[in-house]
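The lines below spell out each chain.
Protein chains: 4
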Amino acid sequence: MIKTGIIGGSGYTAGELLRLLQNHPKTTVDFVYSTTNAGKPVAKVHQDLLGDTDLLFTDTINPEVNLVFLCLGHGQSKAFLEKHHFASHTRIIDLGNDFRLHPDAGSFVYGLPELNRKKIKMTQFVANPGCFATAIQLALVPLAQHQELQNSIHINATTGSTGAGVQPSGTTHHSWRTNNMSHYKAFEHQHLDEIQQSLDKLQPGFNQELLFIPNRGDFSRGIFATLYTQTEKSLDAIVALYKTFYQNDPFVVVTTDTIHLKQVVQTNKCIISLEKKGKYLLITSIIDNLIKGASGQAIQNMNLMFGLDEKTGLQLKSGSF
Amino acid sequence: MIKTGIIGGSGYTAGELLRLLQNHPKTTVDFVYSTTNAGKPVAKVHQDLLGDTDLLFTDTINPEVNLVFLCLGHGQSKAFLEKHHFASHTRIIDLGNDFRLHPDAGSFVYGLPELNRKKIKMTQFVANPGCFATAIQLALVPLAQHQELQNSIHINATTGSTGAGVQPSGTTHHSWRTNNMSHYKAFEHQHLDEIQQSLDKLQPGFNQELLFIPNRGDFSRGIFATLYTQTEKSLDAIVALYKTFYQNDPFVVVTTDTIHLKQVVQTNKCIISLEKKGKYLLITSIIDNLIKGASGQAIQNMNLMFGLDEKTGLQLKSGSF
Amino acid sequence: MIKTGIIGGSGYTAGELLRLLQNHPKTTVDFVYSTTNAGKPVAKVHQDLLGDTDLLFTDTINPEVNLVFLCLGHGQSKAFLEKHHFASHTRIIDLGNDFRLHPDAGSFVYGLPELNRKKIKMTQFVANPGCFATAIQLALVPLAQHQELQNSIHINATTGSTGAGVQPSGTTHHSWRTNNMSHYKAFEHQHLDEIQQSLDKLQPGFNQELLFIPNRGDFSRGIFATLYTQTEKSLDAIVALYKTFYQNDPFVVVTTDTIHLKQVVQTNKCIISLEKKGKYLLITSIIDNLIKGASGQAIQNMNLMFGLDEKTGLQLKSGSF
Amino acid sequence: MIKTGIIGGSGYTAGELLRLLQNHPKTTVDFVYSTTNAGKPVAKVHQDLLGDTDLLFTDTINPEVNLVFLCLGHGQSKAFLEKHHFASHTRIIDLGNDFRLHPDAGSFVYGLPELNRKKIKMTQFVANPGCFATAIQLALVPLAQHQELQNSIHINATTGSTGAGVQPSGTTHHSWRTNNMSHYKAFEHQHLDEIQQSLDKLQPGFNQELLFIPNRGDFSRGIFATLYTQTEKSLDAIVALYKTFYQNDPFVVVTTDTIHLKQVVQTNKCIISLEKKGKYLLITSIIDNLIKGASGQAIQNMNLMFGLDEKTGLQLKSGSF
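The listed protein sequences correspond, in order, to chains H, L, F and B. All residue numbers for the first sequence refer to UniProt numbering, where the first residue is 1 and numbers rise by one. All residue numbers for the second sequence refer to UniProt numbering, where the first residue is 1 and numbers rise by one. All residue numbers for the third sequence refer to UniProt numbering, where the first residue is 1 and numbers rise by one. All residue numbers for the fourth sequence refer to UniProt numbering, where the first residue is 1 and numbers rise by one.
Hints were generated in silico from the structure; no laboratory data involved. Check each hint, because a few of them may be wrong.
Heads up, the list lumps identical chains together, so a pair's fine if it works in one copy or across two of them.
[Claimed, not checked] When the alpha-carbon atoms are kept at most 20 angstroms apart in a straight line, the in silico PhoX-like pairs for lysine-lysine are as follows: (1) 279 x 44; (2) 311 x 26; (3) 185 x 277; (4) 83 x 119; (5) 276 x 185.
Note that the coordinates shown come from a computational prediction; the quantities given were computed from them, not determined experimentally.
Isolated chain H (complex conformation) (with noise of 0.2 angstroms):
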């Protein structure tokens, strides 16, 4: 068995990581580390665990679990991991920001398995990706790929209220959110940088403009992402880049029927939708933030690592309703 740690354990996706923990068959949690919680029962704090788990907060780590998850905030994980020591052979996957871009990520690999599989089944430390980072790089890759994107990249995503994390704030208070819409940080969000070297890689030399609206949306859960460009090949010809570049990722479908956000909610899919619309691609990319856009995407990393089948403990039941 895996033995994990969670450290920052009292926030949605610290919560999320829990509940995908205790199903998963290859792993124990260890500790969850929490200051503020530390000798509560973690059920207390993720109640929908109650009878569940009969774990307490901490603020000792274990420094010889085999694996520790990072759920701090954006910015914390370095100076955390200053501070505290593990063992040798414990591998470190960070939700946070910290290792995502070079030259700060070191010997972080960006957890993306779609686009670095083969890496993160090599490294001991992950930098797992944003929530919108990740809809839209899968909408965006494969074109990258193929040197196709040569065009100015349009995009607007919006998310759901989890995505703004467990503080409460004005724009998170439910009678704000609910039934409202608002877009921030247009065309400045901070997940650009994290696509943009990605894009790069793929196709060196990548300089078009990513225009990107970011919208808070009226639901709890989920990134819903419309994305679209100028091409000349053909409907046909796109499909078919996209099913060959996914064909051995078991969470991405690619697919050219119309397609709404609660196909992928509460699952660690992402479903990517094709049309053409005379020179227009229209690529359209769903996923759930809290699941392949964090913490199922770090068990799916967790799995790679230590060379177990990707989909361990994530073949779950959509929420659909």
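Chain H is already provided as a structure; the job is to place chains L, F and B on it using the hints.
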């Protein structure tokens, strides 16, 4: 024109008062007092008022206004009035709970117009009822007036997230609240005291159990209350009794149709539906918690205190969808 | 008093008209025509009107009314007017799409007051704009007037479920729609034609791409639209241009604040927010699809046609929460 | 492997069965019968299964399967079984209400495992309980077993829109249902009969009133039920009694914590919270109406009928947010 001031201007009830007052033909808002937002445009906090008002929050009161609305947290009105003094002619409507219950009420009249219209017309000080208390009392007072509350009363009511106030918290976080339901303060909600007091006044010696379960609903506005009690009276007799009781009340509608919450949301109406099931009378009572349950009722009280038509400024389009 | 009749009385836009007309001081509703509901109380279908109106649906028109609102399905207004005849003085406002486009429009004026106020004041027949078309045109016409639409225009807009009409279907089933998001008719929405026509009128020869993705949102009311295009003008210059264009339009607010959909829900307002990001101008435009996008705009047109203050009956409390 | 067939394959319970069965390690789905969708891919109707299954709907049954799930409308199972014949070894689980009540039940065992586990293990035919009936019975059977139901029982329960089935209607239209609340069949819901039957079996001569108000909630999944009745037993004694009763039931959790609906949504769990308020015992019972209230419970029954671990295929990640 009635010159009004609002104390505690950044909360939900203050916002709703501002929305209602700006379309009220007989009032002006002289000042909106908020220590935390002093100097800031009101439309920066109540953002739907953008383009409608240039008012700034202030930390200075004008003691000469004709009417002051107190929109402070519960328990803070008394302290505020001890520190700040208004002119001897200034009328006061307190939306908090400081003056609802005797003997604390002092010279404040309990502001449920359907019960105390005459006294409200004559008084200088009104204690505006609580939101649950409004929905529940309007469902019961016709029976109390006829001494017909002779058995236990079973009450279940669900409120929207605005009922919890603007301050964000765990149970108003959108990710938690959406698609969720829970109850709180079962059998012990503080509004039971004001309900008890009113029923006792109409039906002296009233001592039946009021068994009340308040729920947190997955919507932002409205209270949906069901009540039942045993009675030997026929449905026809009861309907007649309610229709007579409310014959001069422009905001209360009595029906035997089945009803649903959104019939009253965004209005000052209370719809009461009556059914008889065997020996049980089932009463459904619906209001908008921020309007008839708070700010709308405050305007209604203001209209009465100043000799205006009770409906002035309160003929509101329902939200419906 | 203006005597009005409503044709197609059981749908959402008819219901919203009835809600607005009952608080309009200068109109009476003479009849509400619905073949399927004839004889039934209007408040049995538009149930929030319970206690407000005793009107019955009828299958007989009064051809002598001053104004008829056509709330039929798209494509049915022309057929209706061929079968039914009104007095020579009767004015007509069509909420469908039969008369929006030339040459079908005939003597109908396109009823976007901010564009055609003078013509609307003089005409007997108005074609009320589509909801998406309203939000999008108000975002673009100031630029078109100055011949500033010189590049592709990228539009993403999300509408509430009332936009799909009262007839239940798979994509308006609550279980499907709640917490969901999807797009439809990407790049091909029928409202593009009326938008094109208006832009072409203001900026003759306008031939830029209008790339429009319409989304189905997880709320019942409202349209949240973002648009961007390249321009060399500074933000200050653009804001000045918009403020000048809309200086006499009581329902359009121009701002540089960030905005969110619920600022306009339940009102006849359109708020337009302007940002400049590098060479791109980002325009956010929000309306209530049933009010400024349909029935409220119809009342606004009526007010203009009858020489009333444009705001009569349209000073509505926003829904806010 | 257990070969299963599903009759009535296009509804919500069939969809949920398919989602559960595809991750169940001991079953295969042999056919999905739907006369209206025959020939169509299952994933065109249950669209979240895209990429997971290539099954087509069929209008031909395979009478040799090991198990048939009947997911027909209420009242249609009997007629279906009269027309279609299965092998003598084929087991049947009916998710409708045709065989729940004696004497209609015939050789069907009432499939509430916590009540009838032994009988379910031995039977060929199971009548799966109703969703409300599941939540309510699990809240009451420990008391009934101890003859402790000696007073009126007051029940208020709210269900999600999936409870109304996939067929669209006025009260499942998103525009109507969202932000709304209503009740239906107060005191007369059909599930009262099966509840009564179970309680009577455990507490012979049970004749207390079951006063039940079912509500339509503003969410798609889940049942939130509160029940109270008078009892002289202490809370400790009652908690002990419930914990003993459910000690071998893997899906029922007994607690004195306050609970909220989303703790169980997307799982097969039922959480029961107990409080004592004066002489009243307040029981809160929560389930997912489509899982523990329908398809999950059917799988649980299948597991028992085939000698599998009861939890097989039912260790589901909760939805949580």
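Unsatisfied constraints (hint numbers, rising): 1, 4
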